[in-house]
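Keeping their order, the protein sequence lines are chains Y and L. Our numbering puts the first residue of the first sequence at 1, with every later residue one more than the last. Our numbering puts the first residue of the second sequence at 1, with every later residue one more than the last.
Since the hints were derived computationally from the structure, they do not count as laboratory data. Errors might be hidden in some of the hints.
Said to hold, decoys possible - FRET-style restraints, in silico, Cβ to Cβ:
hint : chain 1 : residue 1 : chain 2 : residue 2 : range
1    : L       : Glu157    : Y       : Glu255    : 16 to 24 Å
2    : Y       : Ala322    : L       : Asp246    : 51 to 59 Å
3    : Y       : Gly231    : L       : Glu234    : 33 to 41 Å
4    : Y       : Glu255    : L       : Ala161    : 19 to 27 Å
5    : Y       : Ala229    : L       : Ala253    : 49 to 57 Å
6    : L       : Asp151    : Y       : Met77     : 52 to 60 Å
7    : L       : Arg152    : Y       : Asn300    : 46 to 54 Å
8    : L       : Glu184    : Y       : Ala268    : 48 to 56 Å
9    : Y       : Leu309    : L       : Asp151    : 50 to 58 Å
10   : L       : Met291    : Y       : Gln279    : 21 to 29 Å
What the hints assert, rightly or not - Pairs of lysine-lysine, DSBU-like flavour, derived with a Cα cap of 35 Å:
hint : chain 1 : residue 1 : chain 2 : residue 2
11   : Y       : Lys329    : L       : Lys213
12   : Y       : Lys256    : Y       : Lys206
13   : Y       : Lys294    : L       : Lys181
14   : L       : Lys130    : Y       : Lys226
15   : L       : Lys181    : L       : Lys213
16   : L       : Lys245    : L       : Lys4
17   : L       : Lys213    : L       : Lys130
18   : L       : Lys199    : L       : Lys4
19   : L       : Lys126    : L       : Lys33
20   : Y       : Lys200    : L       : Lys270
21   : Y       : Lys226    : L       : Lys126
22   : L       : Lys4      : L       : Lys126
23   : L       : Lys245    : L       : Lys126
24   : Y       : Lys256    : L       : Lys213
25   : Y       : Lys329    : L       : Lys181
26   : Y       : Lys206    : L       : Lys130
27   : L       : Lys130    : L       : Lys4
28   : Y       : Lys329    : L       : Lys33
29   : L       : Lys213    : L       : Lys126
30   : L       : Lys126    : Y       : Lys256
31   : L       : Lys33     : Y       : Lys294
32   : Y       : Lys102    : Y       : Lys206
33   : Y       : Lys329    : L       : Lys4
34   : L       : Lys33     : Y       : Lys206
Here a beta-carbon is modelled for each residue, glycine too, at the ideal position from N, C-alpha and C.
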Amino acid sequence: MSDRMLTMAEAVREAMSIAFDERPEVFLLGEDVGIYGGAFGVSGDMYHRYGAERVLDTPIAELGIVGAAVGAALSGMRPIVEIQFSDFTAQAMDQIANQAAKIHFMLGGALHVPMVLRTPQGSGTGAAAQHSQNLEPWFASVPGLKVVVPSNPADAKGLLLAAIDDPNPVIFLEHKLLYKIPGRDPVPEGATRIPLGVSKVVREGKDLTIVATGIMVNKSWEVAEKLAAEGIGVTLIDPRTISPLDMQPVFESVEKTGRLMVVQEGPAHAGFINEVIAQMAGSSTFGSLIAPIKRLAGMNIPIPYAPQLEKAAVPQIDDIEAAAREIVKNWR
Amino acid sequence: MSFKYPVVMPKMSMTMETGELINFHVGVGDQVKSGDVLFEVMTDKIDMEVEAPADGVIESLVANPGDVVEIGKPVLIMLTETEVMAFDFGTDNEPVAAVEVVAAPAPVVPTPVVAAAPVILNETVKAVPKARVEAANRGVDLRTVRATGPDRTIMMEDVNAAQLDPAVTKRQAANKALIAKGIEMTRGIAQASFTRSVKAEFDHATFIAAWAKVLRNRPDLAVHQHIGVALIIESKYGSALPVFKDPDQSNRADLAALVASTTQAAKNGKVPVAMLSGATTTVFDLTSYSMSSATPLLFPNQVTSVTIGYESATTKIVSLTIDLNFCDFYDGALLLDALVVAL
């Protein structure tokens, strides 16, 4: 095992580089991914290492970028698209939802679209409502798309390699605030893959099960660490792939803890995490609950520009801690 | 601790004064369970089987088959470990003094008691899912479980508490069965209920003294020599009904102290045996449940029954039920009016 500590940006770059080395049909395209090294520096020096033919700087035209990638994927290539902000995928939604996700099914399975669309998401950078959204449910509600939300560098590397291998279109949602933060776990050397559709039990505790996505996994981990010192045990589960969703570890955990809290950054209304609640409510594990299910999610508002309001609009560590304490204390 | 408890000739109708003992179903030394038939009685109107009010051992048979026994006089004596008897109907006489005895009877092997239908049911029970599963698995009726969770939701520990102490469950069941049986006996009586809002602050001692005083002024309604006010007190063992004799005639401070100490004792499941008989009216305070009223039901040999309900921070709802054989509607209205004035 390696003990290398990378940031998520470095881990994603490493995964793309490994895929570039393994398969000549893999290439990267997007706005400023080449000479500039990517809006958040994720592609870095890849333009210089692999050349302009495999790292393509595109015009500012998201629909065209994704359309080109879908066409390339149908022609035997394995494109990796980077959209600068996930908010801009709205421009490309016809290619994503109507073309990439559907072609395999419209053509009776004759063709595949092995495309990965990477895009930074989330709030916390002071970039206001049009550059800060968490759009997980947009993609998770389109059959034909797989949706990956990594919460740390090691998972990001392994999941991205698996996503590039996958014959289906995969939406890969990276949180901006995680790009520069080293993970808690070292990133293994080499081409280690993490299968899509397998939830990860990040830590185990006896009192409360928390299911969180993306950056909320990290915030929940901080809370779990603090509560563990006081003897309150938290089992933290990171689905990693939100479509398809692996609920089995959640059921197994709730059968032991009896309490479930779900945390997401995106707005509560019709959010992805509601799917976890719905599946729990309809499962045989329901009878193991000793507390109402607690949901922590963003407010149903566009992300505000003012820093204090931006923070207040999505769950923070203090919110998660207070909610976790409340549920464990009040429901015995 | 075990107590001698006399099982007396019950009063089964308003006109009954004596009953003939037909035969015993038990002998000295027999172990009996609550609800077991002890003996049969014949009156001018009906024949009836008298059941054990609690688990225990038959210590002695006082009367003989064929004897005509006055109501309230002992027919047999039981030794029982049960200190709470929800209620001792059927007599307005003092029972033979209950004596604590040193020698405990052979230990009673706990067996499940089939509970009578609960008297007061909360049909919508809130419970966490696991508590429902657990209760169903163990045969616990959630309606009998005290909820301590948020928004009066039954939690796992509530179900566990209900289940962990079989002695408590058993006593609850015994108490309920006893109350249900008493209410059953008065079901055929024509009754009427009256309700009024009252703006007054009072504690239980003040209330029962005021109510006794109102009844004292209506000797025409009295079917007993004294006035005994039974106060329903909820405990984890179920309802206890200690009786306060002639509360209007005792010193107010002494009465307040007695009500306080008896309430505390009842909550701990211990009511002096001497306070379990002689009720002529019953008072049930619902205010701690935030309920405005429940139909106060008549207990056997009682002409009236009263509930106190919550209406607002400054007002309460007082409901009165009367036996129409003794009072007409006008009497009932006057009684309630007098009570409100007295408060």
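These are the hints, each one checked on the structure:
no., hint, result
1, L:Glu157 x Y:Glu255: 16 to 24 Å, "holds (18 Å)"
2, Y:Ala322 x L:Asp246: 51 to 59 Å, "holds (57 Å)"
3, Y:Gly231 x L:Glu234: 33 to 41 Å, "holds (35 Å)"
4, Y:Glu255 x L:Ala161: 19 to 27 Å, "holds (23 Å)"
5, Y:Ala229 x L:Ala253: 49 to 57 Å, "holds (54 Å)"
6, L:Asp151 x Y:Met77: 52 to 60 Å, "holds (58 Å)"
7, L:Arg152 x Y:Asn300: 46 to 54 Å, "violated (30 Å)"
8, L:Glu184 x Y:Ala268: 48 to 56 Å, "holds (53 Å)"
9, Y:Leu309 x L:Asp151: 50 to 58 Å, "violated (32 Å)"
10, L:Met291 x Y:Gln279: 21 to 29 Å, "violated (39 Å)"
11, Y:Lys329 x L:Lys213, "violated (49 Å)"
12, Y:Lys256 x Y:Lys206, "holds (7 Å)"
13, Y:Lys294 x L:Lys181, "violated (45 Å)"
14, L:Lys130 x Y:Lys226, "holds (28 Å)"
15, L:Lys181 x L:Lys213, "holds (29 Å)"
16, L:Lys245 x L:Lys4, "holds (22 Å)"
17, L:Lys213 x L:Lys130, "violated (51 Å)"
18, L:Lys199 x L:Lys4, "violated (45 Å)"
19, L:Lys126 x L:Lys33, "holds (33 Å)"
20, Y:Lys200 x L:Lys270, "violated (55 Å)"
21, Y:Lys226 x L:Lys126, "holds (32 Å)"
22, L:Lys4 x L:Lys126, "violated (42 Å)"
23, L:Lys245 x L:Lys126, "violated (39 Å)"
24, Y:Lys256 x L:Lys213, "violated (60 Å)"
25, Y:Lys329 x L:Lys181, "violated (41 Å)"
26, Y:Lys206 x L:Lys130, "holds (16 Å)"
27, L:Lys130 x L:Lys4, "violated (43 Å)"
28, Y:Lys329 x L:Lys33, "violated (42 Å)"
29, L:Lys213 x L:Lys126, "violated (42 Å)"
30, L:Lys126 x Y:Lys256, "holds (22 Å)"
31, L:Lys33 x Y:Lys294, "violated (48 Å)"
32, Y:Lys102 x Y:Lys206, "violated (43 Å)"
33, Y:Lys329 x L:Lys4, "violated (46 Å)"
34, L:Lys33 x Y:Lys206, "violated (43 Å)"
Checked against the numbered hints listed earlier, the structure breaks hints 7, 9, 10, 11, 13, 17, 18, 20, 22, 23, 24, 25, 27, 28, 29, 31, 32, 33 and 34; every other hint is satisfied.
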